[in-house]
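**Q** So the chains spell out like this:
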Amino acid sequence: MSHPAYDVVIIGAGIVGAACARECARAGLRVAVVEAEFVGGGATSTGMGHIVVMDDSEPQFALTRYSQQLWHEIAPELPAEVEYMACGTLWIAADEQEMQEVRRKQQYYGARRVPTEILDPRALYEAEPHLRRGLVGALLVPEDLVIYAPCAARFLMRQAQTHSCDLYLDRVTEIRDDGVVLQKGGALSAGTVINAAGTWAPELTPGLEMRPRKGHLIITDRYPGFVRHQLVELGYLKSAHVLTAESFAFNVQPRVTGQLLIGSSRQFGVEGKGIDNHIVAGMLARACVYLPELAKMSAIRCWTGFRAATADKLPVIGKCPGREHLYLATGHEGLGITTSLATGRLLLDQLLQRTPAIPVEPYSPSRDMEVAHA
Amino acid sequence: MRDAVQMKVNGVTVRVPRGSTVAAAVLLAGRSGFRRSVSGELRGPLCGMGICFECRVAVDGQPHMRSCQMLCREGMEVTLSE
Numbered sequence: 003m004s005h006p007a008y009d010v011v012i013i014g015a016g017i018v019g020a021a022c023a024r025e026c027a028r029a030g031l032r033v034a035v036v037e038a039e040f041v042g043g044g045a046t047s048t049g050m051g052h053i054v055v056m057d058d059s060e061p062q063f064a065l066t067r068y069s070q071q072l073w074h075e076i077a078p079e080l081p082a083e084v085e086y087m088a089c090g091t092l093w094i095a096a097d098e099q100e101m102q103e104v105r106r107k108q109q110y111y112g113a114r115r116v117p118t119e120i121l122d123p124r125a126l127y128e129a130e131p132h133l134r135r136g137l138v139g140a141l142l143v144p145e146d147l148v149i150y151a152p153c154a155a156r157f158l159m160r161q162a163q164t165h166s167c168d169l170y171l172d173r174v175t176e177i178r179d180d181g182v183v184l185q186k187g188g189a190l191s192a193g194t195v196i197n198a199a200g201t202w203a204p205e206l207t208p209g210l211e212m213r214p215r216k217g218h219l220i221i222t223d224r225y226p227g228f229v230r231h232q233l234v235e236l237g238y239l240k241s242a243h244v245l246t247a248e249s250f251a252f253n254v255q256p257r258v259t260g261q262l263l264i265g266s267s268r269q270f271g272v273e274g275k276g277i278d279n280h281i282v283a284g285m286l287a288r289a290c291v292y293l294p295e296l297a298k299m300s301a302i303r304c305w306t307g308f309r310a311a312t313a314d315k316l317p318v319i320g321k322c323p324g325r326e327h328l329y330l331a332t333g334h335e336g337l338g339i340t341t342s343l344a345t346g347r348l349l350l351d352q353l354l355q356r357t358p359a360i361p362v363e364p365y366s367p368s369r370d371m372e373v374a375h376a
Numbered sequence: 517m518r519d520a521v522q523m524k525v526n527g528v529t530v531r532v533p534r535g536s537t538v539a540a541a542v543l544l545a546g547r548s549g550f551r552r553s554v555s556g557e558l559r560g561p562l563c564g565m566g567i568c569f570e571c572r573v574a575v576d577g578q579p580h581m582r583s584c585q586m587l588c589r590e591g592m593e594v595t596l597s598e
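Those sequence lines, one after another, are chains R and L. First residue of the first sequence? That's 3 in the numbering used here, and the numbers climb one at a time after it. First residue of the second sequence? That's 517 in the numbering used here, and the numbers climb one at a time after it.
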């Protein structure tokens with residue numbers, strides 16, 4: 003058999019595929035990326051771009067925190083178009099029960115050396131004067147940040163291409179043991195294939211347990227300074243954890259442009275990408291509860307996207323069971339922007355058999371996903 | 517003008533016939549640049565029917581109001597961002 007043309011072929015140039023490409027190319031591997039639509043498309047182009055540490059589970063915390071630190075490291079290199087904004091997250095407590103959650107969260111983060119600050123109502127209204135009165139407080143996580151993910155993905159791809167990476171705008175129709183088959187004809191031979199196709203990953207790797215989870219977002223006209231932090235209600239956690247039916251929560255993000263991104267919704271079992279008016283209405287009503295002046299503002303656009311959701315809410319990063327040459331990097335649900343850089347790094351660690359900075363077993367594609375963690 | 521309303525455009529008092537649009541009042545005040553685009557270009561009413569969003573002004577402190585779609589009210593304060 004002839005020598006393969008590439009060491010690694012990556013399927014998908016969303017932010018996860020682009021991060022994998024950058025890591026592999028910088029390590030000196032010969033990389034090809036095959037993207038069916040455009041670089042930074044899919045969920046990368048439809049999400050919020052919130053780089054956030056989460057504490058749903060220990061593995062989720064470890065991955066989000068590690069990846070956030072990689073974002074901090076790369077920050078000085080990011081071009082202006084990535085719109086890096088170190089705005090922090092405010093987890094807002096509307097009642098005493100949610101304030102208990104603020105205190106629990108602070109303890110959890112503090113024990114793991116993530117800086118936080120509890121804001122009392124006075125400090126909260128000083129930080130965000132347009133929030134409705136009567137809130138109890140908030141947890142500020144100052145190291146959380148915001149980026150414009152499609153441009154971040156393009157930047158990561160460009161970095162990969164300055165080393166050794168070819169980009170093919172084509173569709174992979176089949177993954178073989180020796181590479182991939184392309185729709186436009188021909189094949190790319192490679193020692194390793196990485197399926198980073200997001201919600202489309204199961205089409206090429208049958209048996210991969212993932213479901214598309216639909217989300218809606220709304221963007222407003224420019225109102226600079228109206229909101230200064232990413233604002234999330236603590237009820238978001240209850241809403242985001244519901245794995246059935248539909249849910250929405252107050253989640254508003256300031257953009258460098260002065261625009262506001264308004265989220266968020268989660269729906270399972272919805273196929274079409276059309277706007278669901280009742281979801282948009284519910285999201286806006288929820289947002290107006292927290293920011294009443296939003297009701298007078300102009301929204302200019304609304305769209306949907308699909309998150310690649312696994313049963314245990316953790317991504318799959320590693321070798322595909324039963325496939326010697328196939329690795330998976332998908333299933334990132336709503337945290338793919340945050341965890342993309344760590345995904346690329348952990349995948350390369352596995353390819354080169356290096357010791358990773360955090361344990362990779364929780365993200366192994368061969369884990370039992372039905373064993374839900376607390 | 518018998519049936520007129522009095523309002524302000526960038527602090528300058530204007531009297532217009534009742535039923536006039538805010539866009540008309542701004543033009544009567546002698547201003548054709550309603551706002552600056554993100555890249556700094558002057559912009560003004562183009563379609564006149566609420567589609568192009570080029571005629572946006574702040575009305576009583578609320579930014580991004582389409583001046584071609586609003587009627588003048590007594591005491592209204594219009595601010596151009598140009």
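Hints are computed from structural coordinates only; laboratory data are not their basis. Note that the structure is predicted; figures quoted are calculated from it, not measured. Warning: the hint list may mix true and false statements.
Unchecked claim - Estimated spans, in silico, between C-beta atoms of each pair:
id, chain 1, residue 1, chain 2, residue 2, range
1, R, Leu-354, L, Ser-555, 43 to 49 Å
2, R, Arg-230, L, Asp-576, 20 to 26 Å
3, L, Gly-591, R, Leu-171, 19 to 25 Å
4, L, Gly-566, R, Ile-221, 17 to 23 Å
5, L, Gly-591, R, Gly-227, 55 to 61 Å
6, R, Gly-227, L, Leu-558, 20 to 26 Å
Stated by the list, open to error - List of simulated lysine to any residue pairs, SDA-like, C-alpha gap at most 25 Å:
id, chain 1, residue 1, chain 2, residue 2
7, R, Lys-275, L, Lys-524
8, R, Lys-321, L, Val-554
9, R, Lys-186, R, Leu-206
10, R, Lys-298, L, Arg-518
11, L, Lys-524, R, Glu-295
12, R, Lys-298, L, Gly-577
13, R, Lys-298, L, Met-586
14, R, Lys-298, L, Met-592
15, R, Lys-298, R, Leu-286
16, R, Lys-298, L, Gly-591
17, R, Lys-298, L, Arg-589
18, R, Lys-186, L, Gly-566
19, R, Lys-298, L, Ser-553
20, R, Lys-321, L, Cys-563
21, R, Lys-298, L, Arg-552
22, R, Lys-298, L, Pro-579
23, R, Lys-298, L, Val-554
24, R, Lys-298, L, Asn-526
25, R, Lys-298, L, Gly-546
26, R, Lys-298, L, Asp-519
27, R, Lys-298, L, Gly-527
28, R, Lys-298, L, Ser-597
29, R, Lys-186, L, Arg-552
30, L, Lys-524, R, Lys-186
31, R, Lys-298, L, Ile-567
32, R, Lys-321, R, Tyr-225
Unchecked claim - Which chain L residues stay away from chain R? Per the calculated CB distances, all over 10 Å, these:
id, residue
33, Ala-520
34, Lys-524
35, Ala-540
Glycine included, each C-beta is placed from N, C-alpha and C at the ideal position.
**Q** Could you grab the alpha-carbon distance between R/Lys-321 and R/Tyr-225 and see if it respects the 25 Å cut-off?
**A** violated, 46 Å
**Q** Would you check the hint for R/Lys-298 and L/Pro-579, treating anything up to 25 Å between C-alpha atoms as holding?
**A** Satisfied, since the Cα-Cα distance of roughly 10 Å is no more than 25 Å.
**Q** Compare the distance between the alpha carbons of R/Lys-298 and L/Gly-546 with 25 Å, and conclude whether the hinted pair is satisfied.
**A** Judged against 25 Å, a Cα distance of about 28 Å means the pair is violated.
**Q** Measure nothing beyond the straight line between the CA atoms of R/Lys-298 and L/Ile-567; if it is 25 Å or shorter, mark the hint as holding.
**A** Within the cut-off at roughly 19 Å; holds.
**Q** With the threshold set at 25 Å, check whether the alpha-carbon distance from R/Lys-186 to L/Gly-566 stays at or below it.
**A** violated, 45 Å
**Q** Can you confirm whether the C-alpha distance between L/Lys-524 and R/Lys-186 stays at or below 25 Å?
**A** violated, 63 Å
**Q** Tell me if the straight-line CA distance from R/Lys-298 to L/Val-554 falls inside 25 Å.
**A** Between R/Lys-298 and L/Val-554 the Cα gap is close to 22 Å, so the pair holds against 25 Å.
**Q** With a cut-off of 25 Å on the C-alpha distance, tell me whether R/Lys-298 and L/Asn-526 pass.
**A** Given that 25 Å is the threshold and the Cα spacing comes to 21 Å, the pair holds.
**Q** For R/Lys-298 and L/Arg-552, compute the direct alpha-carbon distance and say whether it is at most 25 Å.
**A** holds, 22 Å
**Q** Between the alpha carbons of L/Lys-524 and R/Glu-295, is the straight-line distance 25 Å or under?
**A** Measuring from Cα to Cα gives roughly 24 Å; hence the hint holds.
**Q** R/Lys-298 and L/Ser-597: Cα distance at most 25 Å?
**A** Cα-Cα ~19 Å, so holds.
**Q** Hinted pair, alpha-carbon criterion (25 Å max): R/Lys-186, L/Arg-552. Please report holds or violated.
**A** Given that 25 Å is the threshold and the Cα spacing comes to 46 Å, the pair is violated.
Hint check: violations occur at hints 3, 5, 7, 8, 10, 18, 20, 25, 26, 29, 30, 32; the rest are consistent with the structure.
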